[in-house]
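Chain order of the listed sequences is A and B. Residue 32 in my numbering sits at position 32 of the first sequence; the count goes up by one each step and never skips. Residue 57 in my numbering sits at position 57 of the second sequence; the count goes up by one each step and never skips.
In short, the hints are calculated from the structure, not lab data. Only a predicted model underlies this, so the values are computations on that prediction, with no experimental measurement involved. Positions of the beta carbon are idealized from the N, C-alpha and C atoms, including for glycine. There could be a bad hint or two in this list.
[What the hints assert, rightly or not] Distance windows between CB atoms, simulated:
| no. | chain 1 | residue 1 | chain 2 | residue 2 | range |
| --- | --- | --- | --- | --- | --- |
| 1 | A | ILE64 | B | ALA27 | 55 to 61 angstroms |
| 2 | B | PRO158 | A | ASP149 | 20 to 26 angstroms |
| 3 | B | PRO158 | A | PRO126 | 22 to 28 angstroms |
| 4 | A | ILE7 | B | ALA54 | 38 to 44 angstroms |
[To be verified] DMTMM-like, lysine to aspartate or glutamate: derived pairs with alpha carbons at most 25 angstroms apart:
| no. | chain 1 | residue 1 | chain 2 | residue 2 |
| --- | --- | --- | --- | --- |
| 5 | A | LYS107 | B | ASP139 |
| 6 | B | LYS107 | B | ASP119 |
| 7 | B | LYS107 | A | GLU133 |
Number of protein chains: 2
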Amino acid sequence: MAKSEGIPAPAVRRLSLYLRHLETTQARNHATVSSRELSRAVGVTDAQVRKDLAYFGQFGHPGIGYRVDELIARMRQILGADQVRRVILVGAGNLGRALMSYRGFRKKNFDLVAVFDNDATKIGLPTPELPGERIRSLDDLPRIVAEHDVRLAVIAVPAQAAQAVADQLAAAGVRGLLNFAPMILQTRPGITLSSVDLAVQLEQLAFQVNLGAEGAKISVDS
Amino acid sequence: MAKSEGIPAPAVRRLSLYLRHLETTQARNHATVSSRELSRAVGVTDAQVRKDLAYFGQFGHPGIGYRVDELIARMRQILGADQVRRVILVGAGNLGRALMSYRGFRKKNFDLVAVFDNDATKIGLPTPELPGERIRSLDDLPRIVAEHDVRLAVIAVPAQAAQAVADQLAAAGVRGLLNFAPMILQTRPGITLSSVDLAVQLEQLAFQVNLGAEGAKISVDS
DNA sequence: AGGTGTGAAGGATTTCACAGCC
DNA sequence: GGCTGTGAAATCCTTCACACCT
């Protein structure tokens, strides 16, 4: 149904970066930005910025640039950040706890509604970051997902448990998985998966440094 | 000096993924893998796998596939994982502590040699994950970097402190920065930067899910 | 002047398809 | 039969350059 088919994935990745810079620009009370300024902040060319934005509509004003407030509103709309999206977290280990306390999610209008773990010694423990909540058993997964209409989940469990958790999440009706386990997961069609492997990330960096590191590059993303 | 110039960045990104699957294959006592199997595990085409590997040499055996042990050794060599690489961490907050206790780094032959923080109430505290070590002041940065020949650093500080930390790291002689602060950093040439923004990552995922999520894609990852 | 939106050109990466080897 | 390595084709993405607007 969406004619949003032909949008390059890299363009989508840059969208969040543009938005982040726009927000700091707004905080400085600048009313407009040019594609030039945006491009330098994110590390791409100005033509790239205009092309990227053009995939989603015409937001600019010739001779002026982009009105910051307007563009922020449009981009939030496009990214879905204008409405609360509920998220659950599976895995209450070190990384899981760090993610719970991460304020960035809330700022982007994500609402962490529950935390799950398989470890019997953890189930029932209070979650300081989510007042009134407690760590839940995975048995509660289907119910919580249905009750809160949760579409997104973060996986922060050990590698050997990750695939099973992913399967349970998909079965419970979650549509998007953000996986931090160092493991390649298989998902069935209809489930979107994004993986971040911290060690792999560092390995990439080390390789690039070894190469000779000609120019500083914002390499992988975000 | 390296004719390793023309290697596509995406190919390099996939290298770590191939290696990870090879290691699990090895654990299963399989002696060889085909590009077909590797490709399915990582979510690319088999031609892609062969092209990627071919950038670095000829490792395959026609009719057989790739010998697992051999390929692992070569890939570790290529990625530099055959020798210990020393890393420091700046920022001992929630995320920093999670990173300290993350075993994946050690497994990939990274050695975390010191943890720094600017918070006077944290400096001097012991680091349970690094026996005998304590959280250090950033004043010690140049000395530690020089003494241990540290080339890589992980930044896990709040956004508003990140640019200053990056500058100090570069000045101290660190060559590669892995940044977790939700902030676009500027670095001078010769410094390689890779950024991971957890909130942006989730935002990307939410967007893809909203699109309609036609096919499961290992999207941005690692 | 300053700035966007966009067709067209250029480059880069991926896929195809097949020769050659085990 | 199975499988790799690789030129050639196809596709995808980025940059150029300029018409047009303010």
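Go through the numbered hints given earlier and state which of them the structure violates, listing their numbers in rising order. 2, 4, 5, 6 and 7
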